[in-house]
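Number of protein chains: 2
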Amino acid sequence: MFDVAIKNGLCFIDGKFLEASIGIEGNRIAYVGRDEISGDLEIDASDKFVLPGLFNAHTHLAMTLFRGYAEDMPLMDWLEKKIWRAERKLTPEDVYWGSMLGILEMLKTGTTAFSDLYIHMDEVAKAVGETGIRAVLCYGMADRGDEEKARRELEIGTEFVKNWNGAFNGRIKAIYGPHAPYTCTPEFLKAVKEKAKEMETFVHIHVSETKREVEKIERRYGKTPVRLLDEIGFLDDKTVIAHAIWLDDEELAILKNRGVSVAHCPVSNLKLSSGIARVTEMLRLGINVCLGTDGAASNNTYNLFEEIKLTSLLQKVKTGRADALKAREVLEMATKNGYRAYGLEGGELRQGRLADVIVIERRFNHSPVYDPIHSIVYASYGCEVSHVIVDGELIVEDGIVLTIDEDKVVDKVERLKEKFLED
Amino acid sequence: MFDVAIKNGLCFIDGKFLEASIGIEGNRIAYVGRDEISGDLEIDASDKFVLPGLFNAHTHLAMTLFRGYAEDMPLMDWLEKKIWRAERKLTPEDVYWGSMLGILEMLKTGTTAFSDLYIHMDEVAKAVGETGIRAVLCYGMADRGDEEKARRELEIGTEFVKNWNGAFNGRIKAIYGPHAPYTCTPEFLKAVKEKAKEMETFVHIHVSETKREVEKIERRYGKTPVRLLDEIGFLDDKTVIAHAIWLDDEELAILKNRGVSVAHCPVSNLKLSSGIARVTEMLRLGINVCLGTDGAASNNTYNLFEEIKLTSLLQKVKTGRADALKAREVLEMATKNGYRAYGLEGGELRQGRLADVIVIERRFNHSPVYDPIHSIVYASYGCEVSHVIVDGELIVEDGIVLTIDEDKVVDKVERLKEKFLED
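Those protein sequence lines, which keep their order, are chains A and B. First residue of the first sequence? That's 1 in this note's numbering, and the numbers climb one at a time after it. First residue of the second sequence? That's 1 in this note's numbering, and the numbers climb one at a time after it.
Note that these hints are calculated values from the structure, not bench results. Everything numeric in this text was worked out from a predicted model, so none of it was measured. Don't take every hint at face value.
What the hints assert, rightly or not - For each label pair, taking beta carbons as the anchor points, the in silico distance ranges come out as:
(1) K256(B) - T319(A): 28 to 36 Å
(2) G343(B) - D77(A): 52 to 60 Å
(3) K16(A) - E93(B): 30 to 38 Å
(4) D14(A) - G320(B): 39 to 47 Å
(5) D35(A) - D411(B): 27 to 35 Å
(6) E397(B) - D249(A): 51 to 59 Å
(7) R212(B) - E198(A): 39 to 47 Å
No residue lacks a Cβ here, since even glycine has one placed at the ideal position from N, Cα and C.
Build out the structure end to end from the sequences listed, making use of the hints.
Laid out in structure tokens, this is it:
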């Protein structure tokens with residue numbers, strides 16, 4: 001008798017879909033196999049798909065508040081005239097409600113864990129606690145060459161790690177989030193990395209998202225961002241870099257040698273006309289690549305199924321090969337690679353792993369099902385998720401998020417938008 | 001008192017979303033405005049979005065049967081070893097059920113009309129008749145240099161036009177569908193166009209989808225496909241070319257001067273690693289560009305919301321400008337440009353237009369709504385469509401397709417797939 005038994009589904013196990021049942025005890029997967037099992041809570045998954053939960057590896061969650069706020073604008077106008085100006089108005093309460101809306105969308109579309117870099121992070125942590133989702137959180141820091149600011153930012157970041165790491169039965173992992181090499185000095189980045197090592201935790205940072213940013217770093221320091229980071233000892237297997245688009249071969253080799261993970265954000269990278277990352281080559285080199293949506297202002301959804309399909313499509317056109325990047329690889333990027341990037345034991349339907357599991361209904365758009373992996377990767381809309389379990393707890397049942405008052409969150413966010421319209 | 005009154009929605013009118021009600025009489029829109037109206041059938045659209053129906057301008061509909069059948073393969077293996085071999089097994093009955101599944105998916109995701117080029121087209125026409133959707137249909141012809149075959153193909157194509165053009169209250173428009181310049185000789189293409197002129201109807205053809213195909217035509221005829229077609233008098237405002245990826249500036253000018261429409265299929269073009277069409281430039285030149293999904297084997301859905309979002313995203317990265325291609329332009333490509341391409345008076349919420357109208361629910365993923373156009377274009381999944389009206393008739397109500405037995409169609413297609421698994 002397990003705490004939870006997910007019975008007779010088509011389960012994504014070791015890269016294939018097999019008929020199996022999943023038994024959960026506490027917050028871990030305790031059984032995967034074909035025996036008839038039972039549980040205090042039983043979910044009938046016959047004729048459904050069962051997957052490890054999706055991991056959204058790069059978000060600025062509360063930017064749901066700016067979903068559709070500024071569209072189809074040149075990048076710098078978008079940032080400087082709209083987004084940064086609006087962000088200055090954000091209160092902790094705004095971030096709380098924006099995060100609730102983001103978590104609602106992620107849970108409904110099968111994401112069980114996310115990695116967020118933003119501000120007012122206590123509020124994000126609070127939302128994670130209440131909703132039952134899993135998260136890797138960091139306060140987004142930037143010194144912009146100001147030593148006093150550097151000291152203060154690192155203090156806030158460290159305070160956050162101390163206060164929240166391991167909270168809610170370990171559902172929160174608190175890490176460090178220096179924004180990017182073009183907004184942080186090498187001295188600051190070095191200090192952050194040292195502090196992260198002292199605290200035995202991870203670092204999440206934006207690297208080489210735009211060509212322009214790489215050129216700026218080259219002009220300023222005479223070297224590219226990855227080389228710069230490597231020289232100051234920043235890169236190791238507790239470092240996750242987001243975007244990583246404008247990299248040369250030697251930089252890819254550095255990432256591989258240091259064990260750095262990459263959070264690939266294809267929708268955002270297109271929408272901001274940043275470019276298309278060299279994902280196929282990264283995977284061939286053995287770099288751990290996972291998937292993220294980035295903030296809602298440049299996506300505009302937190303539906304990871306869009307990133308899954310688009311990741312595959314873009315690599316096919318980028319490499320000129322319709323056989324580039326297999327469905328299995330992309331689905332693993334969206335699941336186990338995300339958990340692995342941040343040192344979490346999840347993202348696989350395997351005994352001993354964290355019990356973050358989703359159940360997906362079989363719908364008309366999946367039909368006919370030759371191999372479920374292609375139905376999931378190429379034909380899902382994201383709205384077919386029926387059940388979501390995080391840390392052993394049932395959080396979504398028949399598409400309803402049990403821990404969130406959906407109408408209240410949507411109403412609240414609709415009202416909050418007013419103040420951003422003033423400019 | 002109208003036949004149908006869609007009341008108090010946020011309606012897409014002349015490129016903007018405005019509060020309005022829509023009155024329908026027979027198969028035409030009879031009223032658009034702010035008066036209090038009533039109807040024999042009333043749909044309360046308050047707090048919902050009302051749009052002209054989407055037009056899927058390039059499909060091989062019954063390829064739903066091959067959705068997920070062959071994936072992540074090199075293009076020629078995919079075609080020759082899998083798709084063409086499987087298509088040889090297709091019976092008329094298979095095409096009927098595959099078409100039913102395709103229509104089901106299109107209606108559920110807000111597509112009110114489509115343009116299909118395939119085989120056993122009587123069955124597609126039958127499915128269109130039963131389900132109530134609107135369609136432009138053609139029998140896909142290829143002579144491959146065989147004069148006897150050319151004669152036979154044109155006969156079948158003409159028979160189809162004669163039998164079905166105008167059927168079901170005009171819901172079917174029957175046209176000609178020569179496959180492509182690399183499978184049809186110039187003589188055959190010329191004969192087809194002459195016949196189409198005689199019958200006063202349109203021609204739908206694949207042009208310049210792959211680089212390889214353009215090179216083949218250049219080797220064979222000493223000129224590119226668009227120049228070849230222009231020289232034989234094939235190009236005019238009753239010609240719709242699908243894909244149109246590998247075109248030079250002069251070819252774009254030819255398309256503009258001749259009034260040719262282009263059906264852009266971004267998902268399929270990525271999936272088969274064909275390339276990214278020069279859509280932004282085409283629109284700037286004034287070419288009428290509409291959107292298509294292509295067949296389900298290379299997509300794998302008929303959810304036009306994916307093409308809408310991806311069209312915008314791809315142009316932003318292709319042009320290097322985040323302000324390339326506005327949301328309004330893309331939404332018009334998906335609606336009025338499609339109808340216009342095939343000479344149909346629809347795709348707009350305007351008095352006198354065909355009454356093909358969809359209602360979309362406002363959901364969490366749209367929130368907050370700063371401007372509905374961005375909610376629709378960038379944040380929709382496709383599963384938010386609640387009501388679909390085609391030719392004045394209500395066909396989808398609260399997400400249920402009234403004219404199709406969904407379970408029966410899905411069951412049937414699941415069983416049909418078996419025979420394609422034999423190889």
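Status of the hints after comparison with the structure:
For the pair K256(B) and T319(A), the supplied restraint of 28 to 36 Å holds, since their beta-carbon distance comes to about 32 Å. G343(B) and D77(A) have their C-beta atoms about 40 Å apart, which leaves the hinted 52 to 60 Å range violated. Checking the proposed 30 to 38 Å range against K16(A) and E93(B) shows it holds: the Cβ atoms sit about 32 Å from each other. Against the hinted window of 39 to 47 Å, the Cβ-Cβ separation of D14(A) and G320(B) comes to about 41 Å, which satisfies the hint.
Look at D35(A) against D411(B): about 29 Å separates their beta carbons, and that is inside 27 to 35 Å. Separated by about 57 Å at the C-beta atoms, E397(B) and D249(A) satisfy the suggested range of 51 to 59 Å. With their beta carbons about 57 Å apart, R212(B) and E198(A) fall outside the hinted range of 39 to 47 Å.
The earlier numbered hints that this structure contradicts are 2 and 7.
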